[in-house]
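Here is how the chains run, residue by residue.
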Amino acid sequence: MSFRQTKICLAAEGIELSDINVQRRQFLKTSVGAAAVTIAPGMLLFDMAHGKSEAVSSKIRWGMLIDTAKCVDGCNDCVTACNKENGLAGGLSSGGLSPTGSQWIRKVELKDMRGGRTLSLPMMCQHCENPPCVDVCPTGASFKRADGIVLVDKHLCIGCRYCMMACPYKARSFVHEPLHDQKPDVPRGKGTVESCTMCVHRVDKGQQPACAEACPNKSIMFGNLNDPDSKISKKIRTVASTQVRADLGLNTGIRYQGL
Amino acid sequence: MLKLFASLLVLCCCTTAGATESYRMPKLDIGKGGQCVKDPQWMRINHMHLLLHQRDETVHKGIRDEQYSLKNCIECHASARDNSVIGRADSFCEGCHRYEAVKIDCFECHSGKRRSAWLQKGSN
Chain X
1 MSFRQTKICL AAEGIELSDI NVQRRQFLKT SVGAAAVTIA PGMLLFDMAH
51 GKSEAVSSKI RWGMLIDTAK CVDGCNDCVT ACNKENGLAG GLSSGGLSPT
101 GSQWIRKVEL KDMRGGRTLS LPMMCQHCEN PPCVDVCPTG ASFKRADGIV
151 LVDKHLCIGC RYCMMACPYK ARSFVHEPLH DQKPDVPRGK GTVESCTMCV
201 HRVDKGQQPA CAEACPNKSI MFGNLNDPDS KISKKIRTVA STQVRADLGL
251 NTGIRYQGL
Chain C
1 MLKLFASLLV LCCCTTAGAT ESYRMPKLDI GKGGQCVKDP QWMRINHMHL
51 LLHQRDETVH KGIRDEQYSL KNCIECHASA RDNSVIGRAD SFCEGCHRYE
101 AVKIDCFECH SGKRRSAWLQ KGSN
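Those sequence lines, one after another, are chains X and C.
Residue numbers for the first sequence, in this note's numbering: 1 to 259.
Residue numbers for the second sequence, in this note's numbering: 1 to 124.
The following block holds chain X by itself, in its conformation from the complex (with noise of 0.2 Å):
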């Protein structure tokens, strides 16, 4: 029977259109309801994560442009919020002052002999594109997330060192002795390398890093280096910022001003 044929037949057996409409209309609301049904847990599961369940992405690029105008001579503030926000000794042990303490991030005081200028900046990992110790690293450990951050998976690290030796920057520090009541947020421990993570924890809550918003002169700005708009893009794009041996093609993620 064809379908010609068959509104025929309907009409002939005198079913109304507006019956097949309501027929229609009740198919579409339990089909509506069904979907309902089907997105409502995953939903529910949503809200009651409440932590973020999506992957970084490289649509987005962190980086740092450091003003070193701002940064003042002998102001140690950032390396004691890094110290505090990730639950380093700050060179301190229970026995007094420690040699192997770890150091994320230590102010540099720069003269140039001849002018006679000086400049004090905060030196970390530089969070590179094209990282050296990522490039070392035998077991993986070492590596580059997405969004640009460059971490040590410390489940994977065999505390060999050779990030450390591959590093420009003397970024990296290795765990020597073993640690106790580490911060919940960080994880650190004997046998490991570590370094900056630029506050990986509180980024991925929408903070900034610790050393960011210490910065008494506010002379660390944190941003999304690949979003045009975004406050760091539009100062980099009109002042003269310069990445610290740009001749090793590391493209880094922190930039200074005025170095």
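Calculated from the structure, these hints are not laboratory results.
Do not take every clue at face value.
Unchecked claim - Derived PhoX-like pairs: lysine-lysine, alpha-carbon spacing no greater than 25 Å straight-line:
1) C/Lys71 to C/Lys103
2) C/Lys71 to X/Lys84
3) X/Lys170 to X/Lys205
4) C/Lys27 to X/Lys183
5) X/Lys234 to C/Lys103
6) X/Lys190 to C/Lys38
Unchecked claim - Stretch-level coverage of chain C by chain X, calculated; a stretch enters the list once three of its residues show a Cβ under 8 Å from a Cβ in chain X:
7) 60-71
8) 106-112
Only a predicted model underlies this, so the values are computations on that prediction, with no experimental measurement involved.
For every residue, glycine included, the Cβ atom is placed at its ideal position computed from N, Cα and C.
Given the coordinates of chain X, assemble chain C onto it according to the supplied hints.
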């Protein structure tokens, strides 16, 4: 006949399971019990797989799903007495791991303390 056999089998399984439950199982000091991810028996067998999977997701991809995070497990299951899942024979993690003689190395790096307690201590 087949029905009888099946019901006998089910009965046997039940009694065995019951016996395993009661047989010198470690008494744990669970801060807050209840089912969060799956039922306790499933979790006893499989929790390490979830943690292992989640650790890679979190470290490499930045997926911080709280339901499966070690930090979140500790947040509920740490003892109310010392806010910890390790350190005592009846601690949530250590109790079972001592009983099964399986070394846990999570807590060489990760904190075994409840995060909220840690934050409170920091603010004091």
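Tested hints:
Straight-line distance between C-alpha atoms of C/Lys71 and C/Lys103 comes to about 19 Å, which keeps the hinted pair within the 25 Å bound. The straight-line distance between the Cα atoms of C/Lys71 and X/Lys84 is roughly 19 Å, inside the 25 Å bound, and the hint therefore holds. The hinted pair formed by X/Lys170 and X/Lys205 fails the criterion: a straight-line CA distance of about 28 Å is larger than 25 Å. This hinted pair does not check out: C/Lys27 and X/Lys183 have alpha carbons roughly 28 Å apart, beyond 25 Å.
Distance hint between X/Lys234 and C/Lys103 is unfulfilled; the C-alpha atoms sit about 52 Å from each other, more than 25 Å. Of the supplied pair hints, the one linking X/Lys190 and C/Lys38 is violated, its CA atoms being roughly 33 Å apart against a limit of 25 Å. By the rule of at least three residues with a Cβ nearer than 8 Å to a Cβ of chain X, the coverage given for the stretch 60-71 of chain C holds, with 10 such residues. Residues of the stretch 106-112 of chain C with a Cβ under 8 Å from some Cβ of chain X number 4, which satisfies the need for three, so the listed coverage holds.
Of the numbered hints stated above, those contradicted by the structure are hints 3, 4, 5 and 6, listed in ascending order.
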